[in-house]
Amino acid sequence: RKEVEQDPGPFNVPEGATVAFNCTYSNSASQSFFWYRQDCRKEPKLLMSVYSSGNEDGRFTAQLNRASQYISLLIRDSKLSDSATYLCVVNGKADSWGKLQFGAGTQVVVTP
Amino acid sequence: NAGVTQTPKFRILKIGQSMTLQCTQDMNHNYMYWYRQDPGMGLKLIYYSVGAGITDKGEVPNGYNVSRSTTEDFPLRLELAAPSQTSVYFCASSGTSGGTDTQYFGPGTRLTVL
Chain A
1 RKEVEQDPGP
11 FNVPEGATVA
21 FNCTYSNSAS
31 QSFFWYRQDC
41 RKEPKLLMSV
51 YSSGNEDGRF
61 TAQLNRASQY
71 ISLLIRDSKL
81 SDSATYLCVV
91 NGKADSWGKL
101 QFGAGTQVVV
111 TP
Chain B
113 NAGVTQTPKF
123 RILKIGQSMT
133 LQCTQDMNHN
143 YMYWYRQDPG
153 MGLKLIYYSV
163 GAGITDKGEV
173 PNGYNVSRST
183 TEDFPLRLEL
193 AAPSQTSVYF
203 CASSGTSGGT
213 DTQYFGPGTR
223 LTVL
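Chain order of the listed sequences is A and B. Just so it is clear: in the first sequence, position 52 is 52 by the numbering used here, and no numbers are missing. Whatever position you read off the second sequence (first residue = 1), add 112 for the numbering used here.
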């Protein structure tokens with residue numbers, strides 16, 4: 001079983017619509033959770049960290065469900081520029097260093 | 113700040129050749145990492161470093177070597193290239209532990225081994 005699993009998509013979303021997708025992780029001791037964004041043939045960039053109580057950053061909302069071991073990302077009022085692959089990233093170890101585990105990504109395509 | 117820079121951007125190697133992928137960061141970060149990304153797969157950690165002179169293996173270190181003689185530079189060496197090393201290689205850095213701090217990535221090196 002992969003340590004971090006994501007639906008690869010693509011999620012085809014009309015401009016202005018809302019899209020949400022999840023990511024599951026296998027290590028119950030994981031402490032840190034992130035969403036990174038990766039544009040086609042570019043490097044990943046941090047979109048947002050995910051906090052236990054859930055958090056928002058503009059049109060983006062992230063949630064963490066420790067009991068079911070998944071995190072989610074919701075994008076409201078989708079823009080064409082939101083088209084990208086969204087990588088779920090989890091701190092795979094409970095030690096202080098914590099090697100990050102990357103999911104393979106969920107592709108989002110926002111259409112006019 | 114240039115952030116994290118990588119050279120070359122693209123490279124084609126023949127089986128058995130060797131090369132060094134260069135990575136430099138100008139953010140004075142202690143932590144640096146090398147990842148590879150294969151199509152449809154998540155990034156896999158090859159090697160990492162927690163400071164000058166200190167390196168350690170990640171998840172997929174076989175066929176690679178690293179060194180960290182300065183805070184800024186973290187080159188990745190491929191010895192005896194194999195087709196299985198065809199991938200996109202990303203270097204990253206972070207100011208503190210990568211487990212809790214943002215990792216900043218370079219633009220990547222696309223390597224093909226034929």
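No wet-lab data here; the hints were simulated from the structure. Please note: incorrect hints may appear among the correct ones.
Cross-link-like lysine to aspartate or glutamate pairs, in silico, EDC-like; alpha carbons within 20 Å at most [to be verified]:
1. B:K156 to A:D7
2. A:K42 to B:E191
3. B:K156 to B:E171
4. A:K99 to B:D213
5. A:K42 to A:D82
6. B:K121 to B:D150
7. B:K156 to A:E3
8. B:K156 to B:D168
9. A:K99 to B:E191
10. B:K169 to A:D57
11. A:K99 to A:E5
12. B:K121 to B:E191
13. A:K45 to A:D82
14. B:K169 to B:E191
15. A:K45 to B:D213
16. B:K169 to B:D185
17. A:K2 to B:D150
18. A:K99 to B:D168
19. B:K126 to B:E171
20. A:K79 to A:D39
21. B:K126 to B:D138
22. B:K156 to A:D57
23. A:K2 to B:E191
24. A:K42 to A:E56
25. A:K45 to A:E5
26. A:K99 to B:E171
27. A:K45 to B:D138
28. B:K126 to B:D168
29. A:K45 to A:D57
30. B:K156 to A:D39
31. B:K169 to B:D138
32. A:K79 to A:E56
33. A:K99 to A:E3
34. B:K121 to A:D7
35. A:K79 to A:D57
36. A:K45 to B:D150
Structure-based check of each hint:
Among the hinted pairs, B:K156 with A:D7 is consistent with the structure: their alpha-carbon atoms are about 18 Å apart, no more than 20 Å. Straight-line distance between C-alpha atoms of A:K42 and B:E191 comes to about 26 Å, which puts the hinted pair past the 20 Å bound. For a cut-off of 20 Å, the pair hint linking B:K156 to B:E171 stands: about 7 Å separates their Cα positions. Of the pairs offered as hints, the one joining A:K99 and B:D213 holds, with about 11 Å between alpha carbons and a cut-off of 20 Å not exceeded.
The hinted pair formed by A:K42 and A:D82 meets the criterion: a straight-line CA distance of about 14 Å does not exceed 20 Å. Restraint check: the Cα-Cα separation between B:K121 and B:D150 comes to about 16 Å, which is no more than 20 Å; the hinted pair holds. Annotation: proposed proximity of B:K156 to A:E3 holds, straight-line Cα distance about 12 Å (limit 20 Å). Between B:K156 and B:D168, the direct Cα distance comes to roughly 14 Å. Compliance with the 20 Å bound is thereby established for this hinted pair.
Among the hinted pairs, A:K99 with B:E191 is inconsistent with the structure: their alpha-carbon atoms are about 25 Å apart, more than 20 Å. Of the supplied pair hints, the one linking B:K169 and A:D57 is violated, its CA atoms being roughly 35 Å apart against a limit of 20 Å. For the hint linking A:K99 to A:E5, the alpha-carbon distance of about 16 Å falls within 20 Å, and the restraint holds. Simply put, B:K121 and B:E191 have alpha-carbon atoms about 19 Å apart, close enough for the 20 Å limit, and the pair holds.
At most 20 Å may separate the alpha-carbon atoms for a hinted pair to count; A:K45 and A:D82 meet this at roughly 13 Å. Using a Cα cut-off of 20 Å, the hinted pair B:K169 and B:E191 holds, with the two alpha carbons roughly 16 Å apart. At most 20 Å may separate the alpha-carbon atoms for a hinted pair to count; A:K45 and B:D213 meet this at roughly 13 Å. Annotation: proposed proximity of B:K169 to B:D185 holds, straight-line Cα distance about 17 Å (limit 20 Å).
Between the alpha carbons of A:K2 and B:D150 the distance comes to roughly 15 Å, so the proposed pair stays at or under 20 Å and holds. Of the pairs offered as hints, the one joining A:K99 and B:D168 holds, with about 12 Å between alpha carbons and a cut-off of 20 Å not exceeded. Proximity of B:K126 to B:E171 is assessed by CA-CA distance (about 25 Å); at most 20 Å being required, the pair is judged violated. The suggested pairing of A:K79 with A:D39 holds, with an alpha-carbon distance near 14 Å, which does not exceed 20 Å.
Distance check on the hinted pair: B:K126 and B:D138 sit about 32 Å apart at the alpha-carbon level, beyond 20 Å; violated. At most 20 Å may separate the alpha-carbon atoms for a hinted pair to count; B:K156 and A:D57 exceed this at roughly 28 Å. At roughly 29 Å between alpha-carbon atoms, A:K2 and B:E191 are farther apart than 20 Å, so this suggested pair is violated. A threshold of 20 Å between alpha carbons decides the hint, and for A:K42 with A:E56 the separation of about 25 Å lies outside it, so the pair is violated.
The hinted pair formed by A:K45 and A:E5 meets the criterion: a straight-line CA distance of about 19 Å does not exceed 20 Å. At roughly 9 Å between alpha-carbon atoms, A:K99 and B:E171 fall within 20 Å of each other, so this suggested pair holds. A C-alpha spacing of about 17 Å is found between A:K45 and B:D138, which places the hinted pair at or below 20 Å, so the restraint holds. Between B:K126 and B:D168 the alpha-carbon distance is near 28 Å, which puts this suggested pair outside the 20 Å criterion.
With a C-alpha separation of about 15 Å, the suggested pair A:K45 and A:D57 falls inside the 20 Å cut-off, and the hint holds. Of the pairs offered as hints, the one joining B:K156 and A:D39 holds, with about 18 Å between alpha carbons and a cut-off of 20 Å not exceeded. Between B:K169 and B:D138, the direct Cα distance comes to roughly 23 Å. Violation of the 20 Å bound is thereby established for this hinted pair. A hinted pair counts as satisfied when its Cα atoms are at most 20 Å apart, and A:K79 with A:E56 qualifies at roughly 17 Å.
Simply put, A:K99 and A:E3 have alpha-carbon atoms about 12 Å apart, close enough for the 20 Å limit, and the pair holds. Under the criterion of a C-alpha separation no larger than 20 Å, the hint pairing B:K121 with A:D7 is inconsistent with the structure, at around 29 Å. The suggested pairing of A:K79 with A:D57 holds, with an alpha-carbon distance near 15 Å, which does not exceed 20 Å. Of the supplied pair hints, the one linking A:K45 and B:D150 holds, its CA atoms being roughly 18 Å apart against a limit of 20 Å.
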